[in-house]
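Q: One-letter residues, chain by chain:
Protein chains: 4
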Amino acid sequence: MDVGHRMWAIPEGYIPGKSFQSEREFVSHETACILNAGGAPANVTIEVLFEDREPVGPYRVVVGAKRTLHLRFNDLRDPEPVPRDTPYACVIRSDVPIVVQHTRLDSRDPHISLLSTIAFPIT
Amino acid sequence: MDVGHRMWAIPEGYIPGKSFQSEREFVSHETACILNAGGAPANVTIEVLFEDREPVGPYRVVVGAKRTLHLRFNDLRDPEPVPRDTPYACVIRSDVPIVVQHTRLDSRDPHISLLSTIAFPIT
Amino acid sequence: MDVGHRMWAIPEGYIPGKSFQSEREFVSHETACILNAGGAPANVTIEVLFEDREPVGPYRVVVGAKRTLHLRFNDLRDPEPVPRDTPYACVIRSDVPIVVQHTRLDSRDPHISLLSTIAFPIT
Amino acid sequence: MDVGHRMWAIPEGYIPGKSFQSEREFVSHETACILNAGGAPANVTIEVLFEDREPVGPYRVVVGAKRTLHLRFNDLRDPEPVPRDTPYACVIRSDVPIVVQHTRLDSRDPHISLLSTIAFPIT
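Residue numbers (our numbering), protein chains in the order written: chain S, 1 to 123; chain F, 1 to 123; chain R, 1 to 123; chain H, 1 to 123.
To be clear, the hints were calculated from the coordinates, so they are not data collected in a lab.
Treat each hint with caution, since some may be false.
Said to hold, decoys possible - Quick list of simulated restraints, FRET-style, between CB atoms:
#1 H:Lys18 / F:Ala40: 47 to 53 Å
#2 S:Pro110 / R:Arg24: 26 to 32 Å
#3 H:Asp78 / R:Asp85: 23 to 29 Å
#4 R:Arg53 / F:Asp85: 36 to 42 Å
#5 R:Thr45 / F:Glu54: 22 to 28 Å
#6 R:Phe20 / F:Pro41: 43 to 49 Å
#7 F:Lys18 / S:Pro81: 45 to 51 Å
#8 S:Thr123 / R:Pro41: 33 to 39 Å
#9 R:Arg53 / F:Asn43: 51 to 57 Å
#10 H:Arg84 / R:Gly17: 42 to 48 Å
#11 H:Phe26 / R:Pro79: 29 to 35 Å
As the list claims (entries may be wrong) - Listed next, the in silico DSBU-like pairs over lysine-lysine satisfying Cα-Cα at most 35 Å (straight line):
#12 S:Lys18 / R:Lys66
#13 F:Lys18 / H:Lys66
#14 F:Lys18 / S:Lys66
#15 H:Lys18 / R:Lys66
#16 S:Lys66 / H:Lys18
A quick note: this is a predicted structure, and the numbers were derived from the prediction, not measured.
Glycine included, every Cβ here is placed at the ideal spot set by N, Cα and C.
Start from the sequences and build out the full structure, keeping to the hints where you can.
A: So this is what it looks like as structure tokens:
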């Protein structure tokens, strides 16, 4: 049985450029939490779209069979880092079904704030 | 392939009238984050509904092909500003498929708080 | 066109019993934000379910045509108030299509925290 | 009528290992809020997946007919506790239809922060 979809969208991307502290767990970040509940590795590509310039990508990650990956957009490097303090969106594609959830930890303020939603399944 | 839907609903609209500081990034605001992953511009209209008076709109925005727009309801002016401290809801229509996510940053309190959800797809 | 569904579910209900201040806008509360984008009033019933006793309800509200209602569970009185500090869930039914979003403002802590999600459409 | 689905996924699991206080209501926790609106008990199993090791489970819980259960992942013990400060995901299966919502209360910081979303329905 297919556990999920092969294409997902997240319209609301934004990595705050500031953080009240520098520990990795508290640094402002945004994640695409990817669940691959199937028996084959998921080859995943991410296309990042912006308000006023051409899309960037694909970024590539692999999520093993029966594994999850909580991917920080902050950690993406190739083809280029995702800019901070900049609205973006993304389209995530996989060669096998996956489920994607979007989460942000915002620590610009001296206290953390969280948001999360299941991403939107396209196909 | 259609990336999204042409009509979306957000039942929970509320722009807090206060903010603990005046910088744009920290002012209490509400956004409809719109992703247009397709090859044609999206002509988008927004109808705002209230608890005790007739709907207002349409507000009109354009989201370019392969672009996102993180639209602040705070910034809408025509036909009239969206009132603060007032429950509202909205229906968003587009001539091409889009994906919509709803986010609020509430800074009435001296620390920010966030909420977000993918909006509800109608058609 | 039907804008929404006639039956919705919210599994996560919890009204915190404490609030750091008594102003209505900051009192800990939970809402079902209901959008009725159609041309006829929505007659809505709410059934509240618990962990360890029989369901309570129906609670009844009307949402006018082309109106929204941001209903606070805190305000429900008939047949009985929704208990504080108690896990609950609810099923919301309407005679016309509606869209429902679930939001909580938690102000037990001296700073507010928010959560929100589109409710789950059943039929 | 079926109220919900028999299989759900939550990609974003993370139980913070710290809490600013020890009262149960404020301890950092993550819940799967399960609604069983039907007339028969729900026999539920939970499989927990990780980034870098084999899945663990099944964990088993029963949700009575016409009841909700706000299950804390923190409380799971058999076959083993869910590790803290560790990304995970889960697949939830039931023999009757249920609805699942995912919520986290994060109190690592001296103020609580919340996130919530309806989980993703598979079948």
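Q: Hint by hint, where does the structure go against what was stated? Just the numbers, ascending.
A: The structure breaks hints 7, 10, 12, 13, 14 and 15; every other hint is satisfied.
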